[in-house]
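A.B. asks: Produce the entire structure from the sequences given, and follow the hints as far as they go.
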Amino acid sequence: MKDLYIEGDEIRDEKAPAGPVAERWDQRRFSAKLVNPANRRKLSVIVVGTGLAGASAAATLGEAGYQVKSFCYQDSPRRAHSIAAQGGINAAKNYRNDGDSIYRLFYDTVKGGDFRSRESNVYRLSQVSVEIIDQCVAQGVPFAREYGGLLDNRSFGGVQVSRTFYARGQTGQQLLIGAYQALERQVQAGTVEMNTRHEMLELIVVDGRARGIVARDMVTGEIETHFADAVVLSSGGYGNVFYLSTNAMGCNVTATWRAHRKGAYFANPCYTQIHPTCIPVSGDYQSKLTLMSESLRNDGRIWVPNEAGDTRDPREIPEEERDYYLERIYPAFGNLVPRDIASRAAKNVCDEGRGVGPGGLGVYLDFADAIKRLGRPAVEAKYGNLFDMYQRITGENPYEVPMRIYPAVHYTMGGLWVDYDLQSSIPGLFVTGEANFSDHGANRLGASALMQGLADGYFVLPNTINDYLAAGPFEEVDESTPEAGEAAEAVRARIDKLLSINGNRTVDSFHKELGHIMWDYCGMERNEEGLRKAVERIRELREEFWQNVRVLGENEELNQSLEKAGRVADFFELAELMCIDALHRRESCGGHFRSESQTEDGEALRHDDEFAYVAAWEFGGTGEPPVLRKEPLEYEYVEMKQRSYK
Amino acid sequence: MNITLRVWRQKGPDDKGRMVTYKVEDVSPDMSFLEMLDVLNERLILEGEEPVAFDHDCREGICGACGVVIDGEAHGPETTTTCQLHMRSFSDGDTITVEPWRAKAFPVIKDLVVDRGAFDRIIQAGGYISAPTGTAPDAHASPVPKADADRAFDAATCIGCGACVAACPNASGMLFTAAKVTHLGMLPQGQPEREARVVQMVNQHDEEDFGGCTNIGECAAVCPKGIPLDTISQLNRDLLGSLSSGAAE
Amino acid sequence: MALKSAMAVTGVILVLFLIAHMYGNLNAFAGQEAFDTYSHHLRELGEPMLPHGGFLWIMRVVLLASVLIHTYAAVALWRRAGRARPVRYQVTKRVQRSYSSYTMRYGGIMIALFTVFHVLHLTTNTIHPGGRSESPYERMVAGFQPEFWYVTLFYVAAVIAVGFHLRHGIWSALATLGINRQSRQRSLNIIATVIAAALTIGFLLTPLSVTFGLVE
Ligand SMILES: Cc1cc2nc3c(=O)[nH]c(=O)nc-3n(C[C@H](O)[C@H](O)[C@H](O)COP(=O)(O)OP(=O)(O)OC[C@H]3O[C@@H](n4cnc5c(N)ncnc54)[C@H](O)[C@@H]3O)c2cc1C
Ligand code: HEM
Ligand code: HEM
Ligand code: SF4
Ligand code: F3S
Ligand code: FES
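Chains as they are written, first to last, in our numbering: chain A, 1 to 646; chain B, 1 to 249; chain C, 1 to 216.
Since the hints were made in silico from the structure, they are not lab data. Every value quoted in this text rests on a predicted model; they were computed, and no experiment measured them. Every residue, glycine too, gets a C-beta built ideally from N, C-alpha and C. A couple of the hints might just be wrong.
Partial pick of chain B residues on the chain A-facing surface, computed with a CB cut under 10 Å [stated by the list, open to error]: (1) Ser-32; (2) Leu-34; (3) Glu-50; (4) Gly-72; (5) Leu-85; (6) Ile-109; (7) Asp-111; (8) Gln-124; (9) Pro-137; (10) Gln-189.
C.D. replies: Here it is in structure tokens:
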């Protein structure tokens with residue numbers, strides 16, 4: 001295996017305070033240097049991304065008095081992909097008096113992350129979760145309320161306390177609009193300069209510090225350089241490497257990958273979360289997968305026919321010829337097993353040929369019993385909007401015919417490695433939200449990502465970044481600084497190259513093929529043989545891409561093929577690293593099942609003695625193997641346990 | 001099924017633009033409208049013609065990026081976003097006309113892509129509650145009656161797609177503006193800035209070259225999120241209130 | 001925005017005038033005397049506080065001002081709408097808007113033209129199909145005789161235009177004044193339709209009755 005990577009020295013999170021876990025965040029806030037308000041005006045920060053993590057950070061830093069430049073590739077900051085989150089956001093408010101506490105949220109999240117996260121970070125996340133809700137309510141986020149006028153909570157993803165705050169099925173949208181409005185308020189106040197339809201294509205590092213970015217104005221094609229005292233990347237996740245995922249079409253790894261190539265470690269790239277209840281693929285023209293809230297599993301029953309190749313109308317399959325496989329294998333949890341288990345079980349039955357619908361990639365999610373038990377009006381009241389959505393997309397009526405669902409890639413826990421201050425391995429480069437390697441580790445739970453995005457942006461980064469900026473303003477840099485000129489030149493050369501190949505295949509056809517490789521070999525279930533094959537095929541395909549892709553038009557215009565081509569080019573490089581990371585992690589953990597590492601009855605088996613570390617990858621140079629740097633994880637408060645759902 | 005598309009092609013903001021006809025064959029009824037355009041674009045690229053540019057991102061009806069006028073209707077024949085419109089809403093042999101949103105406030109950038117920055121500027125003018133980070137009281141400090149919370153929510157679901165402007169015979173952005181005024185105006189947190197907000201937002205709306213609203217109601221009829229028409233009335237009520245109390249100055 | 005409020009307020013004033021005017025017109029059914037007395041009365045109203053014809057003049061000033069403001073606002077909004085969409089759609093489809101809402105502007109012009117004619121005809125006595133007369137009643141009856149069917153036709157067309165204008169106008173004014181709520185939307189729409197219909201029928205009654213010889 002060592003042929004694919006080199007092992008380097010271990011690393012440590014130098015910023016994490018010691019002492020009792022509950023006091024660490026306070027301690028760090030106290031020890032971090034402050035910046036006097038008069039000096040803040042002289043300091044500038046670039047924030048790439050306007051999702052929950054980016055918009056909240058830009059708004060808060062602007063409010064604090066820094067000069068902020070904010071970037072997003074969409075036409076408005078409000079369209080960042082956080083908008084699509086449906087389910088909810090966790091917070092340890094204990095409004096239900098059901099025994100919740102910061103400690104319990106901490107405990108559940110560490111366990112949910114399968115012991116691959118840092119205790120200090122998770123504890124801080126739980127602490128801050130409380131303030132997030134207060135902040136959002138003050139901004140006018142219309143969370144669901146009860147008749148008494150107080151906030152409603154629900155339990156989410158198999159947790160025993162009700163701590164999830166939600167806004168119908170549109171929690172992400174409402175949270176994002178709150179942050180977006182706060183951001184626009186700062187734009188009006190003149191503290192934030194907003195650059196929409198700008199895509200970051202390179203990081204500028206001067207004297208070892210992150211000092212700016214190269215961005216392309218997507219309307220005019222102009223390659224611009226922007227400078228600041230610190231750079232924050234909040235550019236979201238890279239689930240689109242799988243081509244089909246629940247991510248928006250534009251989600252990309254470019255911002256973080258370019259930073260990785262400039263020296264930032266990329267941690268745990270193979271950790272992805274797979275969501276069990278998505279609407280299945282209907283044809284090869286399919287461009288994206290739509291998630292349906294997992295709450296459907298509360299009342300729907302999941303099954304497939306007993307016999308492979310049974311193509312009867314599901315309503316005509318008698319009860320005894322159906323396999324309610326989750327209820328059969330996991331009688332204690334039934335249809336409510338965690339995401340990874342539900343997803344893998346669905347894949348297994350489909351691999352056995354028992355899948356339903358086009359291409360045999362789907363299982364039934366049946367509400368017939370629930371309708372019988374609760375009556376149609378009750379089901380409609382609870383799930384009406386989801387049923388409508390399903391019907392709009394598939395043209396089938398889920399009140400009559402069972403829905404079909406299939407797992408899909410949904411969230412990526414890997415990302416740029418950061419320390420307790422959210423600073424990457426490049427000084428002055430901070431990373432927040434899904435773009436960093438998540439606080440919650442190899443997460444299998446829901447409602448944690450929104451929490452992390454807002455915690456990072458509103459509360460953590462604005463406190464920790466001061467410690468770095470206190471040493472600024474740093475030396476003046478501009479276009480004439482050699483590093484900046486080189487970075488811009490590299491971007492131009494790459495664009496020229498893409499436009500000049502004029503081959504025979506479209507960008508999308510490459511992306512689709514790459515997606516297939518990733519899904520087949522680096523998806524829910526992996527093994528050494530498959531991953532090796534994947535690395536090989538990715539390399540071949542990348543080779544072909546650079547010889548044979550066709551990108552029409554020119555740079556000096558809105559050119560959507562060119563945008564895509566740049567993103568796919570970076571996905572190729574990331575994909576290889578993901579496979580190498582997956583290959584080296586010879587254990588089943590989080591959402592991932594490694595065939596070589598299972599218990600006797602086929603369940604996931606972790607190897608804490610060998611793999612309780614963060615795998616931070618250092619870029620080894622173009623064409624050179626990456627360097628693995630391990631950050632060991634220690635657990636003082638939560639005892640490491642194997643999970644069991646039987 | 002086979003479809004004939006008449007699509008607006010415009011090279012850039014200064015180009016005059018024209019309709020171009022394309023045939024798209026073997027369209028599956030399960031495709032979304034945008035997937036049908038993807039299929040067309042893949043073919044165009046291989047034929048050496050530049051693909052049709054259109055805005056889109058989430059493709060699940062929530063980001064508000066997509067939106068074109070299809071046969072004279074904003075977002076096409078169903079009340080949903082363009083990305084959630086499926087080809088089963090059309091029939092084999094149909095000719096479909098596809099145009100960008102048309103409004104001075106939304107200049108065309110290329111083909112079907114327009115610039116909706118005017119909406120962001122309306123929000124900048126006052127579409128927020130000033131709540132600096134870290135200053136918030138406990139979330140339960142001010143209860144909100146459920147009915148008010150629900151109405152605020154209904155208004156808050158606006159995705160900023162711009163279909164209301166595209167459909168309004170006056171090219172007015174009043175439904176978008178009213179949705180925000182209503183969302184924030186229904187909540188106790190929104191009260192201190194209520195009067196100033198509506199005046200500033202409407203002034204900005206007028207400055208952005210949107211038309212005036214004459215209560216035609218076409219906007220609410222095409223709105224994919226069902227923003228109720230009476231939000232405009234609520235905006236008017238707030239506006240008259242603040243004009244008479246002098247908040248306009 | 002002030003434009004809109006002005007339009008709504010003046011529109012409402014004009015509607016109120018029309019209601020009163022229709023009531024007056026219906027006096028025709030009570031015979032020449034009643035009608036002329038009503039007309040006379042108009043001029044005496046407010047005496048002795050106001051000079052003869054004083055109320056009428058105040059009313060005329062208010063009306064004229066309203067029409068001017070209303071028209072000004074209408075034209076301004078129309079031009080703004082034109083500017084707001086410099087490039088037109090190749091295909092347009094009405095989704096829900098009614099015939100009356102999208103003919104507001106043309107209807108308005110038609111009403112304006114009609115009013116000029118109408119005032120010249122019945123108030124100033126300048127145009128006089130059927131002969132001059134000092135009695136408004138006679139002027140009116142003479143004008144609507146069957147041989148002047150085109151006058152009647154013009155009136156009928158105008159009144160129908162007014163009906164359409166008001167069907168949307170009343171609803172719109174109420175929305176502009178902030179009275180519309182989701183829960184009231186239906187009833188407001190009904191009110192607008194009823195008032196518009198009542199005015200249309202009420203106005204039509206007089207000329208048609210004359211033309212068809214019910215009133216002589
Ligand atoms: C369908 C769906 C449902 C989900 N539901 C839940 C849920 O219920 N609960 C939960 O906790 N989590 C949920 N998640 C996960 C969660 O929504 C995301 O992890 C989180 O919102 C990410 O926020 P972010 O700010 O990090 O990134 P994003 O919101 O993705 O924002 C990325 C930003 O970066 C910008 N950007 C990206 N690349 C570039 C570039 N190269 N140059 C310039 N700008 C760039 C984009 O324009 C955008 O503004 C869900 C995710 C999905 C996809
Ligand atoms: C079709 C039925 C109508 C009839 C029979 C009718 C009849 C009359 C008569 C007889 C007068 C003169 C009154 C007087 O001088 O004492 C008059 C005046 C007037 N009418 Fe009408 N009218 C009709 C419709 C309308 C309509 C639809 C409008 C408006 C749109 C209108 C607007 C006016 C105005 C503005 C005056 C002048 C009032 C004044 O300044 O004295 N009328 N009408
Ligand atoms: C001089 C000729 C007139 C013109 C050009 C005109 C034009 C218009 C226009 C363009 C509108 C706005 C359209 C809309 O709201 O959709 C309007 C509204 C209205 N009009 Fe007229 N109109 C005229 C005369 C009248 C008359 C005589 C009346 C009453 C009897 C009237 C009553 C109204 C009312 C009540 C409204 C609604 C106001 C609002 O939208 O808030 N109009 N008119
Ligand atoms: S009001 Fe409706 S149509 Fe207008 S921008 Fe909002 S969602 Fe789109
Ligand atoms: S269609 Fe236009 S006129 Fe007003 S009610 Fe809607 S904005
Ligand atoms: S693409 Fe996001 S709403 Fe259509």
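A.B. asks: Hints first: check each against the structure and report whether it holds.
C.D. replies: Quick rundown of the hints versus the structure:
no.	hint	in the structure
1	Ser-32	8 Å, holds
2	Leu-34	7 Å, holds
3	Glu-50	5 Å, holds
4	Gly-72	22 Å, violated
5	Leu-85	9 Å, holds
6	Ile-109	6 Å, holds
7	Asp-111	8 Å, holds
8	Gln-124	4 Å, holds
9	Pro-137	7 Å, holds
10	Gln-189	5 Å, holds
Checked against the numbered hints above, the structure violates only hint 4.
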